[in-house]
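All chains, full assembly: derive it from the sequences and hints.
Per the working numbering, the very first residue in the sequence shown carries number 722; after that it's consecutive.
To be clear, the hints were calculated from the coordinates, so they are not data collected in a lab. Keep in mind that the hints are not guaranteed to be accurate.
[Said to hold, decoys possible] Result set (DSS-like, lysine-lysine): computed pairs, CA atoms no more than 30 Å apart in a straight line: (1) K855 x K871; (2) K890 x K855; (3) K904 x K871; (4) K773 x K806.
If you're wondering where the values come from, they're calculated on a predicted model, not measured in any experiment.
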Amino acid sequence: RDIGLIVHLSASTSLNPDPNDKVMICTVEEAIALGADAVSVHINLGAPHESKMIEEVGRVSRECTKWGMPLLIMIYPRGEGIDPKSPQAIGHCVRVAEELGADLIKTSYTGDPVSFNKITSACSVPVLIAGGEKAADLESLETVREAITKGGAAGVALGRNSFQRENPKEFIQALCCVVHGDKDPREALKL
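And the structure:
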């Protein structure tokens, strides 16, 4: 197998009165049975059920330690009155994820490489940026490059922001050139 498998253990739906409330739907042991190379969980700080989510992620982290399973924590500042791009809120999220035992963290980009670099520099765990709001191909690639080269991000984790594009294959190839080949975004889009 050439591709690693990360099994996501938590979920919610957009029909939930609080879609920021994530619940565990799979265990580390079940992920191992599926052949997982790592597991991921999603938690939203500032959401009404934050304490329950923290407790569940703590349990998952202990299971990961027991089984030697790498843990990706996807963590975001979300809730009433919370600025999702706030460097203080994102920094708090990253710190909580690190303390919960994350081996890798995915979170929002602050939009500013200086503030994001302060966050990544203070963290002993690699931090990935999430896809964020939908933007044009060039703008997305420029943001990724800035976050990595100036903000200290270890990489990017894109989902629908890549496969819902008009030309997802070309965009993903350009993204790989920017992330792994240190190409200028304009050059990468021409390849």
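Comparing the hints with the structure gives:
Of the supplied pair hints, the one linking K855 and K871 holds, its CA atoms being roughly 21 Å apart against a limit of 30 Å. Distance hint between K890 and K855 is fulfilled; the C-alpha atoms sit about 17 Å from each other, no more than 30 Å. Among the hinted pairs, K904 with K871 is consistent with the structure: their alpha-carbon atoms are about 15 Å apart, no more than 30 Å. Using a Cα cut-off of 30 Å, the hinted pair K773 and K806 holds, with the two alpha carbons roughly 23 Å apart.
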